[in-house]
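Peer 1: Residues per chain, in single letters:
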Amino acid sequence: MSAQSHPPGGVANMASKELNILVAGVGGQGNLLASEIIASAAVREGLKVRVAEVFGAAQRGGAVVSHIRIGPTVYSPLISEGQADIVLGFEPVECLRTAKFLSSVTTIIMNASPVIPVSVSLGLTTYPDYNATLELLRRLTSNVIAIDATDLAKKAGHAMMMNVVMVGALAGANLTPIATERFTDAISSIVRKGAEAMNHKAFEYGINAI
Amino acid sequence: MNILNSGLPGSRVLMLGNEAMARGAIEAGVQLATSYPGTPSSEILGSIAEVAKELGIHAEWSTNEKVAFETAIGGAIAGLRSLCSMKHVGVNWAADPLMAVNQTGVEGGLVLIATDDTGGYASQNEQDTRYYAMMAELPMLEPSDVPEAKEMVKTAFDVSEKLNLVVMMRPTIRVCHGRADVTLDPLQSLSRQGKFVKDPGRWFMSAWRCRARHKLLHEKQSEIQQWADATPFNKLNIAGDSVGIIASGATYTYVMDALTRLNAQDRVSTLKIGTHPIPRVHVRRLLENTRRVIVFEEVEPIVEQQVKTIAYDHRFDVEILGKLSGDVQREWDLDPAAVKSTLARTLGLRRATADPTWESMVKTAEEMAPERFMLMCAGCPHTATFAALKRALMFSRGKAIYSGDIGCYTLGVSDPVNAQDTNYCMGASIGVGCGFAHANVEEPVVATIGDSTFIHAGLPALINATYNNARMLVVILDNTATAMTGFQPHPGTGITATNDEVRGVRIEELAHACGADFVEVVDPFNFKESVAVMEKALKHPRLAVVISRRECMLITQRKTRSKGEATATYSVDMEACNGCKVCISFGCPAIVWTGEKAEINETLCNGCGVCAQICPLRVIHPAA
Numbered sequence: 001m002s003a004q005s006h007p008p009g010g011v012a013n014m015a016s017k018e019l020n021i022l023v024a025g026v027g028g029q030g031n032l033l034a035s036e037i038i039a040s041a042a043v044r045e046g047l048k049v050r051v052a053e054v055f056g057a058a059q060r061g062g063a064v065v066s067h068i069r070i071g072p073t074v075y076s077p078l079i080s081e082g083q084a085d086i087v088l089g090f091e092p093v094e095c096l097r098t099a100k101f102l103s104s105v106t107t108i109i110m111n112a113s114p115v116i117p118v119s120v121s122l123g124l125t126t127y128p129d130y131n132a133t134l135e136l137l138r139r140l141t142s143n144v145i146a147i148d149a150t151d152l153a154k155k156a157g158h159a160m161m162m163n164v165v166m167v168g169a170l171a172g173a174n175l176t177p178i179a180t181e182r183f184t185d186a187i188s189s190i191v192r193k194g195a196e197a198m199n200h201k202a203f204e205y206g207i208n209a210i
Numbered sequence: 001m002n003i004l005n006s007g008l009p010g011s012r013v014l015m016l017g018n019e020a021m022a023r024g025a026i027e028a029g030v031q032l033a034t035s036y037p038g039t040p041s042s043e044i045l046g047s048i049a050e051v052a053k054e055l056g057i058h059a060e061w062s063t064n065e066k067v068a069f070e071t072a073i074g075g076a077i078a079g080l081r082s083l084c085s086m087k088h089v090g091v092n093w094a095a096d097p098l099m100a101v102n103q104t105g106v107e108g109g110l111v112l113i114a115t116d117d118t119g120g121y122a123s124q125n126e127q128d129t130r131y132y133a134m135m136a137e138l139p140m141l142e143p144s145d146v147p148e149a150k151e152m153v154k155t156a157f158d159v160s161e162k163l164n165l166v167v168m169m170r171p172t173i174r175v176c177h178g179r180a181d182v183t184l185d186p187l188q189s190l191s192r193q194g195k196f197v198k199d200p201g202r203w204f205m206s207a208w209r210c211r212a213r214h215k216l217l218h219e220k221q222s223e224i225q226q227w228a229d230a231t232p233f234n235k236l237n238i239a240g241d242s243v244g245i246i247a248s249g250a251t252y253t254y255v256m257d258a259l260t261r262l263n264a265q266d267r268v269s270t271l272k273i274g275t276h277p278i279p280r281v282h283v284r285r286l287l288e289n290t291r292r293v294i295v296f297e298e299v300e301p302i303v304e305q306q307v308k309t310i311a312y313d314h315r316f317d318v319e320i321l322g323k324l325s326g327d328v329q330r331e332w333d334l335d336p337a338a339v340k341s342t343l344a345r346t347l348g349l350r351r352a353t354a355d356p357t358w359e360s361m362v363k364t365a366e367e368m369a370p371e372r373f374m375l376m377c378a379g380c381p382h383t384a385t386f387a388a389l390k391r392a393l394m395f396s397r398g399k400a401i402y403s404g405d406i407g408c409y410t411l412g413v414s415d416p417v418n419a420q421d422t423n424y425c426m427g428a429s430i431g432v433g434c435g436f437a438h439a440n441v442e443e444p445v446v447a448t449i450g451d452s453t454f455i456h457a458g459l460p461a462l463i464n465a466t467y468n469n470a471r472m473l474v475v476i477l478d479n480t481a482t483a484m485t486g487f488q489p490h491p492g493t494g495i496t497a498t499n500d501e502v503r504g505v506r507i508e509e510l511a512h513a514c515g516a517d518f519v520e521v522v523d524p525f526n527f528k529e530s531v532a533v534m535e536k537a538l539k540h541p542r543l544a545v546v547i548s549r550r551e552c553m554l555i556t557q558r559k560t561r562s563k564g565e566a567t568a569t570y571s572v573d574m575e576a577c578n579g580c581k582v583c584i585s586f587g588c589p590a591i592v593w594t595g596e597k598a599e600i601n602e603t604l605c606n607g608c609g610v611c612a613q614i615c616p617l618r619v620i621h622p623a624a
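The listed protein sequences correspond, in order, to chains A and B. Mapping of the first sequence onto the numbering used here: position 149 corresponds to residue 149, and the numbering continues sequentially without gaps. Mapping of the second sequence onto the numbering used here: position 426 corresponds to residue 426, and the numbering continues sequentially without gaps.
Hints may be right or wrong, so weigh each one.
Said to hold, decoys possible - Reference listing, derived: stretches of chain A covered by chain B, where coverage requires no fewer than 3 residues with Cβ under 8 Å from a Cβ of chain B:
no. : segment
1   : 26-40
2   : 47-54
3   : 66-77
4   : 88-102
5   : 105-112
6   : 174-182
Because the hints were derived from the structure by calculation, they are not lab data. Computed from a prediction, not measured in an experiment: that's the story for all the values here. Using N, Cα and C, we set each Cβ at its ideal position, and we do this for glycine too.
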C-alpha cells in the first residue's frame with residue numbers, strides 16, 4: 001500500500017490549521033471505535049488530537065456523535081456550530097442531525113443505508129425520504145458523498161464493519177493529513193484480535209468506494 | 001500489550017481520559033484501587049484491573065461507593081497509595097466516611113476521583129461534587145483536559161502525602177470520556193508493606209476527639225491555600241484590555257478556543273482554575289488589572305461566589321459576571337459555542353451575523369430527523385421480563401406503579417415499554433415502593449431492580465420492606481453483570497475485577513435471608529413460565545420476589561462471536577403476518593414496521609426468540 005499523505009486538494013483547502021471531523025451514528029454501529037481509529041491514526045502521524053464522545057445512557061439505539069479535532073491550535077474536544085470540516089455519517093438521518101455543525105464547505109461522507117428508529121415503527125414519527133434527505137444535505141453543502149457502506153461491509157465479511165468501511169472512505173477522500181498506513185496501523189492495534197484481516201479488507205473497500 | 005503498563009516513557013499515545021487517570025495512578029505507584037461502576041467513571045478502575053495482578057496492585061469492584069471508599073481509607077491509613085473512583089452521585093454514598101476521614105487524615109496518599117456527569121447525560125442529576133470538597137474542607141483538583149488529568153492524579157498523590165489529607169479530583173464528562181494524545185512517564189512501583197500505627201486520638205473519631213481533629217483540619221487550610229496559590233495547574237495571563245475571564249476545569253479549553261476564534265487572546269486576561277480552593281493570589285492580581293470579569297464553570301457558581309468574596313474582602317470595584325448574574329447558562333455542561341457567544345455578548349467582542357436562510361435549512365434538517373428513544377438492545381432479557389410482567393398484570397387491566405431504579409432497565413421508561421414510573425437513585429425502587437405500599441395505592445406496586453443494583457443498595461430496602469410488611473412485587477432483573485456501565489462483574493457473578501473466581505453470593509439466598517417468603521427464579525426467554533410465575537407472585541399476600549435471570553445479550557453475543565459462531569436469527573413469515581403489531585409493542589429495535597407488516601432486521605436480531613413466543617399467530621420462526 002502506498003503512502004498518500006498531504007494531497008494538494010484536500011488539506012490545503014482548509015481555512016485554518018485545524019481539522020474538525022464529526023462521526024455521527026446510532027449506538028451499536030461502532031461509532032466510538034471508528035473515532036478511536038481516526039484519532040489514533042492522527043496521533044501516529046504526530047498530530048495533536050482531541051476527541052469527545054457525546055452520547056446518552058443508551059447502550060444501543062440512541063444517537064451517538066464523536067467530535068475529533070486535529071491540529072496545533074486545538075484546545076477543546078468539542079466542535080463548534082458551523083465548524084465541521086468533515087462529517088462521517090453512518091446513517092442518513094444522523095447526517096441531518098449534524099446540520100448545525102455544517103457549513104457550505106463541509107464534506108459529508110454518508111452511509112446511505114438507514115437504521116429505522118423504533119419511534120418510526122411505532123408510528124410516532126416518520127423516516128424521511130432518502131432523496132429528500134440527500135437533496136437537503138446538498139443544499140447545505142455541495143460536497144456530499146453517499147456510499148452503501150453497509151453493503152460493502154457485508155461483502156468484506158460482516159455488516160458490523162460498516163464503521164471501518166467509513167474510515168476507509170475518509171482515508172480515500174484525501175481530506176486529512178493522515179497517511180493511509182497510519183490508519184491501517186491503527187486498525188491493527190484497535191480491532192478485535194483475529195479480525196484484523198477482515199477489517200483491513202473493509203477499510204480497503206471504503207478507500208475504493210470514493 | 002496494554003497502554004497502562006507498557007509504552008516507552010516519552011512516547012505519545014492516544015488515551016481515553018479515564019485511561020489517562022488510571023495510568024497517572026500507576027505512574028504514581030498506586031497499590032490499592034477501588035470503585036463501583038458508574039458513568040463516566042468506570043474505565044478508571046476497569047483499566048487498572050486489567051494490569052493489576054502483573055503490577056501487584058489490589059484492584060476491586062466494591063459492592064458500593066461507600067464500601068469502595070472505606071476500603072481505600074483502610075489501605076491509605078495503613079500507608080499504601082490508594083485510589084478510589086466513582087461517579088458524582090457515588091459520592092453521596094461515600095459522603096459518610098468522607099466526613100470522618102477528612103478529620104483523621106491519611107498516611108499513604110488517598111485520592112478520591114469523583115467524575116462529574118455535567119449535563120447529566122447518564123445520571124439522575126448533574127450535582128457538583130466541588131461542594132463536597134468544600135464541605136469536607138479538602139483540596140480538590142479539576143482537570144481541563146486529558147493530558148492534565150494524568151498529571152493531576154500524580155500531583156494529587158504527592159499533595160495527599162504532604163498534607164496527610166485526602167485529595168479529591170473532579171474530572172467532568174468531557175475529560176473522562178475525551179481522548180487525546182498523552183505523553184507517557186515511567187511507571188513507579190512503591191511496593192510498600194501495609195503498616196497501621198495505632199493512635200486512637202487520630203483514627204477513632206468520637207465526641208471530643210473529633211473537635212480536636214476538626215481544629216487541626218482548619219489549621220491545615222492555610223497550607224492548602226498556599227499550595228493552590230503556587231501550583232501551575234492555576235495559570236494567570238494578564239493582557240491589555242480591562243476585561244478578564246476566569247475559567248474552571250474543562251471550560252478553560254472552551255475559552256481558549258473561543259478567544260482564538262474571536263482573535264482576542266492578546267486583549268483579554270485569563271485565569272485558568274485547576275484547584276479548589278481557588279488561587280486567591282491570582283484572583284487578586286486579576287481583579288487589580290480588570291474592570292469586568294466573567295466566570296466560566298460547570299454546574300454551580302462556586303468559583304463565582306468565591307471571586308465575589310475576594311473582591312469584597314479587598315474592596316475591588318470590579319463587575320463580576322457569571323451564572324448568578326444570568327450571563328452564563330445555569331444548567332448543563334458548557335461548550336465552545338456557548339462560551340463564544342457569551343463572551344461576544346458580555347465583552348462586546350465581534351459577533352457573527354446570522355443568516356436566516358441557512359438557519360431555516362438547519363432547522364428543517366433537524367426537524368426531519370426522527371427521534372431515537374433510549375432503548376434496550378435487541379435480545380435484551382429485560383425487554384422480555386417487562387413483556388412478561390405486563391402480561392401478568394392483565395388482571396389489573398395493566399395498571400401498576402412501576403417503582404424504577406438505576407440500570408439498563410431504566411430504559412424501560414420509553415415507548416413502547418413504558419414500565420418505569422419513578423427513578424431516584426440506586427436501590428430506590430424498593431425503598432420508594434415501601435412508601436407506595438403503605439400509602440395504600442390502588443394499583444399493584446412493582447419494584448424493578450437489577451442484580452448489581454440490588455447488591456449495591458437494594459438489600460437494606462428489601463429487609464425494610466419485609467420487616468415493615470410493605471406488600472409489593474420485587475422483580476430482580478438479573479443479567480449477571482453491571483451491564484449499563486460496561487459489563488463489570490459483581491458478587492452475584494462469582495468473578496472479581498481481576499478475573500478471580502470466588503464463592504460470591506446467590507441472589508435468591510439473599511432474598512430469602514432478607515425475609516421474603518416468596519422467591520422464585522425465572523428465565524425471561526421462557527415467556528409462558530415467566531408470566532405464570534409473575535401472576536402467582538402478584539397474588540401472593542405479602543411481598544414477593546421474582547428473579548428474572550438471563551445473561552446480558554451483549555455478553556452472550558461477544559462469546560458467540562469470539563467462538564466464530566453465527567447468531568441464529570428469527571424472521572417473520574411475511575405472507576402469514578396479519579399486521580397485528582403485538583411484536584412491535586414488545587419494543588425490540590430489531591422488529592421494524594413496514595407499513596403493513598412486521599419485519600425483523602437480520603443484522604440487529606440477536607435471536608432471543610421471545611417475539612416468536614409473543615406473536616399471536618405464531619408466524620415468527622428461526623430464519624432459514
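Peer 1: Taking the hints in turn, state whether each one holds.
Peer 2: Right, here's what the structure says about each hint:
Coverage of the segment 26-40 of chain A by chain B holds [criterion: at least 3 residues with CB-CB distance below 8 Å; count 6]. Look at the segment 47-54 of chain A against chain B: 8 of its residues bring a Cβ nearer than 8 Å to a Cβ of that chain, three or more, so the hint holds. Interface restraint, the segment 66-77 of chain A with chain B: holds (5 residues with C-beta to C-beta distance below 8 Å; minimum three). Closer than 8 Å: that is the beta-carbon criterion, and the segment 88-102 of chain A has 7 residues meeting it against chain B, so the requirement of 3 holds.
Under the rule that three or more residues need a Cβ within less than 8 Å of chain B, the assignment of the segment 105-112 of chain A is violated, with 0 such residues. Look at the segment 174-182 of chain A against chain B: 0 of its residues bring a Cβ nearer than 8 Å to a Cβ of that chain, fewer than three, so the hint is violated.
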